[in-house]
Amino acid sequence: MTILEVNNLKKVYTTRFGGSHVQALSNVSFSVEQGEYVAIMGESGSGKTTLLNILASLDKPTSGEVLLKGERLSTIKEKEISAFRRENLGFVFQDFNLLDTFSLQDNIFLPLVLSGKSYEEMSRRLQPIARKLGIGDILAKYPYEVSGGQKQRCAVARALITSPQLILADEPTGSLDSQAAEGLLRLFKEINQDGQTLLMVTHSVKAASHAKRVLFIKDGEVFHQLYKAGMSDEAMYQKISDTLTTMATGGARHE
Amino acid sequence: MSRFFYAKLAATNLKKNAQTYLPYILTCIGTVMMYYIMVFLSKNEGLGNMAGGSDMQTILSLGSYVIAIFATIFLFYTHSFLIKRRKKEFGLFNILGMEKKHISKVLMFETLYVAVISLGAGLLGGILFSKLIFMVLLKILHFEVPLGFSVSGPALAAVPLLFTGIFLLTLLNTLRQIHLAKPVELLKGGQTGEKEPKTKWPLVMIGTLSLGGGYYISLTTQSPLAALAQFFIAVILVMVGTYCLFTAGSIAVLKLLRRNKGYYYQTRHFTAVAGMMYRMKQNAVGLANICIMATAVLVMVSTTVSLYIGMEDVLRTRYPQNIMITTPVPAHQSAEGLQTAVHEVLAQHRLEGKDMLDYRYAAFAGNQEGDTVITDESKMSNASSSVRQFYVIPLEDYNRLTNRTASLGDNEIMIYSSRNVYKEDTLTVLNRTFTVKERLDSFFENSLDRVLIMGNYYIVVKDIAVVKAMEKAQAEENGYDPSGYQYYLGFDLDANEADISAVYQDIRTAVGSDYPDSRIESPVAAKASFFAIYGGLFFLGIFLGALFIMATVLIIYYKQVSEGYDDKARFEIMQKVGMSREEVKDSIRSQVLTVFFLPLVTAGIHIAFAFPIITKLLAVLNLTNVGLFAWCTAGTILVFALFYAIVYRLTAKVYYRIVSWGTSA
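Sequence order for the protein chains is A and B. Sequential numbering of the first sequence, starting at 1, is according to full-length UniProt numbering. Sequential numbering of the second sequence, starting at 1, is according to full-length UniProt numbering.
If you are wondering where the hints come from, they were derived from the structure by calculation, not from laboratory data. Computed from a predicted model, the values in this text were never measured in an experiment. Cβ atoms here follow ideal geometry from the backbone N, Cα and C, with glycine treated the same way. One or more of the hints may lead you astray.
[What the hints assert, rightly or not] Here are some, though not all, of the chain A residues that point toward chain B, as calculated from beta-carbon distances under 10 Å:
(1) 58
(2) 64
(3) 102
(4) 114
(5) 116
(6) 118
(7) 120
(8) 126
(9) 158
(10) 222
(11) 223
(12) 227
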């Protein structure tokens, strides 16, 4: 079943007084099936973040459409968009985006509290997730008291607790040391094996090599895509590197 | 070249930080102006030569000390806030290769600029405005406004001295901070103090107890005399209580709320409780400052305004009759000469005394202990709440003034009090024991007890002989020259102030020679000095009120700005996690509102509890019109709240601009 469908997405930024136009996305189309693990790669300025913001309904495309489980994001009313985002999407960010004013547990509860869930239900949902992520004994702590890896795992827990259709991850390993990054990627793989659909935007070849499919974006368009299929992480790593080299040296486009 | 470099860099820094430095410099200018004007007025010779002017200058110079102390604390406090915001900048300079001594040089230039601008503009403004303020003051005092314009030498000397000192102090403090810190710490300077606050139960206890104690004193103090001493204790207790409860109490309450899971994990309470905890930790002291300052402004302005408005009342309470003569009559003399003299003066002026009131009496103070009164002054305690004023009046005068035909035996008395109840059946005073024959529930109008501080007893005795005996016994006990008795004569006149004043002067000359110890009073004569004192207090109240409001405004502004920078990041995260823009805005607005109106509401509560004790203090100043005071207080609170709300709205704009900067709509 198709979870996410992106059709002919275009985004043009206009400066405040309409002086100059910058085309961030020119024509992006792809789709994500249920249970997939997709990585989107591209250089800085290739439009990755813009794409993610549009998928997250934080930003609106100039033209084109995004369908989540067949529903057009553009038809959702402004008032309902936050609730929609809360219920269908989970987010993992490069800089964790945990609030210092809350304990880790409360940070994880935040989306559920916003949806008006009871404390009992929230803690019932949290238990299995906390066990899986190995954060059970740090829940009472505050973000500034734990390491980056622990923070990111809590952010993953916050994304998972609403049982979203799709988890969007924006450079999730960007602020982590290699060991913590490795741990997080293993975690993503496990979550994905449990059936969770994941979409990750990244710079890191290493991170992308864990995904089942890698999309390459260049100059606001999908340039190429790779399927992992039966490949090992190492082979995938090599293949992604080759593709990036080709892209950087201006190779012709191929499927 | 290098000297110019630092000077230039300092100028650029100030320009770049205009958003925070401009209000600071404006406040410096304002404070310089106010201090100059206050010193100018308190040292102005013309003012000193006017009737009552010197009394008022004492009040004003007191005011100038208050401004000096306040300016030091306040400018120091705001400057440390500025530096806290800029630590990152210094850290960057440091890392880019500037040594600390170079940074210090830049800072010295910056301070120099601020000092020169503030002193220059402040003195100029002060000199220009001093004339205006001077005229306003004279208007308040009902004095003639003289022409001319003057610059005060003493003020020109005092102002630079004080403010150079203040600026040096702030500079030294900044340099100390820069020298102690490591570059990395400087870089992170803006972000320290994020840890969750701990609940400090001892502080909560101390705060609750001292606040309760302060309120208790205010509610239970009965005697105005005691109120005078206890007011300051109450003020200090309430201040301590406010600081403790704002810092520790707020955190404790929020933590209790958080422990209640059913309450805490609700959409509306969740972000509010956590957000408030963070805010209170950052702002508790600043908010307590605002609260105390607001309370001070409210008390000061409402009391001085009601004293000024109620001056006619006060004059009437203090001087119930237009002409009032009180004199001791020596044993060998009678009061007849005085009566004749007064009537002659009235006849000359073709006026008739209305409500003519005269009586003979003896007056003394003593400590009442049950049915015994201690009148020996060496054994008396003045502070005790058992101090009573006794007025002994002969039956003859009492019957005449009340149209009664009561009779009394040798050792019988009738007793009356306007403020307490005499419960005993006998009264032992000055080695005599009297039997209480009657407790009166009313007495003739008199002007004996005008100070309104202590408890009082009016005692009617058989005849003038008893009065004389008691006067003598009292004088001998305390080693005074005995006189026969005291005599009072008072009346109103149906005439304008000028005529009353003329009568007053003539009576003074006519009576003075025969009765050298006589005291002749008239509200008309006292008016000028009353205006000088109460008008001076009124002026000072408004002036200091304005200063405090200026300070409050600045603190609010800085709070908003710093909150804005802190909230910006949280605002973005919450949106990403699934709160809508409107929800986030609402949540932040309600928290900011709570934070800023908490001090105002607390100040209101303080005022409500302070009301009883302040009424008693005003009674000492002869203002007994509680209704007037209540209205003035309500009015002051209203005006202040309005002002506060306007300031809040204006600064909130700055706040939202910071918060929404860069968030794409």
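Results for each hint:
1. 58: holds (7 Å)
2. 64: Since chain B brings no Cβ nearer than about 18 Å to residue 64 of chain A, farther than 10 Å, the hint is violated.
3. 102: holds (5 Å)
4. 114: With Cβ-Cβ at 6 Å, under 10 Å, it holds.
5. 116: holds (6 Å)
6. 118: For residue 118 of chain A, the interface hint holds, since the closest Cβ of chain B sits about 7 Å away, which is under 10 Å.
7. 120: holds (9 Å)
8. 126: violated (12 Å)
9. 158: holds (7 Å)
10. 222: violated (24 Å)
11. 223: violated (26 Å)
12. 227: With a closest approach of 31 Å, the residue 227 of chain A hint is violated.
Of the numbered hints given earlier, the model fails hints 2, 8, 10, 11 and 12; all others are met.
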